[in-house]
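Undergrad: All chains should be modelled from the sequences, with the hints used to inform the complete structure.
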Amino acid sequence: MKSILIIGMGRFGQHLCRNLAALDNEIMIVDQEEERLEDMLPLVVSAKIGDCTNETVLRSLGVANFDICFVCIGTNFQSSLEITSLVKELGAKYVVSKANRDIHAKFLLRNGADEVIYPDRDIAEKLAVRYSANHVFDYIELTDEFSIYEIPPVLEWVGKSLKDLMLRNVYHISILAVKRPEGAMNMMPSADYVIQEVDHLMVIGTKADIDQILEKLK
1 MKSILIIGMG RFGQHLCRNL AALDNEIMIV DQEEERLEDM LPLVVSAKIG DCTNETVLRS
61 LGVANFDICF VCIGTNFQSS LEITSLVKEL GAKYVVSKAN RDIHAKFLLR NGADEVIYPD
121 RDIAEKLAVR YSANHVFDYI ELTDEFSIYE IPPVLEWVGK SLKDLMLRNV YHISILAVKR
181 PEGAMNMMPS ADYVIQEVDH LMVIGTKADI DQILEKLK
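Residue numbers (my numbering): 1 to 218.
Hints were generated in silico from the structure; no laboratory data involved. Note that CB positions come from ideal geometry on N, CA and C, so glycine has one too. Wrong hints could be hidden among the right ones.
Said to hold, decoys possible - The calculated DSS-like cross-link candidates involving lysine-lysine, where the alpha carbons are at most 27 Å apart (straight line), are:
| hint | residue 1 | residue 2 |
| --- | --- | --- |
| 1 | Lys88 | Lys106 |
| 2 | Lys218 | Lys163 |
| 3 | Lys106 | Lys93 |
| 4 | Lys160 | Lys216 |
| 5 | Lys2 | Lys88 |
| 6 | Lys48 | Lys88 |
Said to hold, decoys possible - Restraint-style ranges between C-beta atoms, simulated for each label pair:
| hint | residue 1 | residue 2 | range |
| --- | --- | --- | --- |
| 7 | Val170 | Ser60 | 56 to 64 Å |
| 8 | Asn100 | Arg168 | 33 to 41 Å |
| 9 | Leu155 | Gln32 | 53 to 61 Å |
| 10 | Ala184 | Thr206 | 22 to 30 Å |
| 11 | Gln32 | Tyr94 | 20 to 28 Å |
| 12 | Leu90 | Pro42 | 25 to 33 Å |
TA: This is the structure we're talking about:
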């Protein structure tokens with residue numbers, strides 16, 4: 001459990017709040033508009049109405065007491081930049097700011113943000129990968145090099161055990177989990193696990209290595 005401050009309760013801020021609350025975090029939310037806070041009240045320990053570009057308002061929140069401060073201002077970059085800078089100056093331990101453009105990210109990182117997130121860009125990239133390949137059910141980018149793909153098994157893998165296939169040696173990938181049609185998930189399957197045709201494989205590897213596997217699935 002972590003203590004979290006979310007500044008800005010637009011659509012992204014609200015989605016973030018719901019997901020963080022589902023993971024049992026203690027959350028304070030802040031926005032200038034009261035109606036944006038109302039639906040979130042059952043999920044948070046505290047909600048404040050206020051303009052966080054005002055240093056007095058930020059000081060009253062005790063930003064240094066939170067493990068993470070999220071600045072989720074999407075429509076007014078000037079406000080986002082000011083709030084990010086002020087939050088850090090007031091002793092915030094870790095500041096995550098939302099950006100819509102690369103140039104915004106550069107300024108946010110120079111002015112106090114420890115990390116910058118691009119929700120729209122990240123979703124667009126994920127959808128592009130997923131729908132460009134016929135055999136990718138889901139996709140999670142971990143770094144510029146490594147990603148997790150949810151794919152069907154290559155036909156020649158079916159009926160063979162992971163030990164026999166030696167996927168790490170041959171394809172330079174690892175299978176993190178196997179999803180079955182009924183929804184069951186086999187996390188970190190053993191070397192004796194025999195791959196079934198209906199399996200969805202959660203594999204981790206580089207894009208180049210997984211592209212070779214996707215070629216075999218065509």
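Undergrad: All hints are to be evaluated individually against the structure, with a verdict given for each.
TA: Comparing the hints with the structure gives:
no. : hint                          : in the structure
1   : Lys88 <-> Lys106              : holds, 16 Å
2   : Lys218 <-> Lys163             : holds, 25 Å
3   : Lys106 <-> Lys93              : holds, 20 Å
4   : Lys160 <-> Lys216             : holds, 17 Å
5   : Lys2 <-> Lys88                : holds, 18 Å
6   : Lys48 <-> Lys88               : holds, 19 Å
7   : Val170 <-> Ser60: 56 to 64 Å  : holds, 60 Å
8   : Asn100 <-> Arg168: 33 to 41 Å : holds, 39 Å
9   : Leu155 <-> Gln32: 53 to 61 Å  : holds, 57 Å
10  : Ala184 <-> Thr206: 22 to 30 Å : holds, 28 Å
11  : Gln32 <-> Tyr94: 20 to 28 Å   : holds, 24 Å
12  : Leu90 <-> Pro42: 25 to 33 Å   : holds, 28 Å
Hint check: no violations occur; every hint is consistent with the structure.
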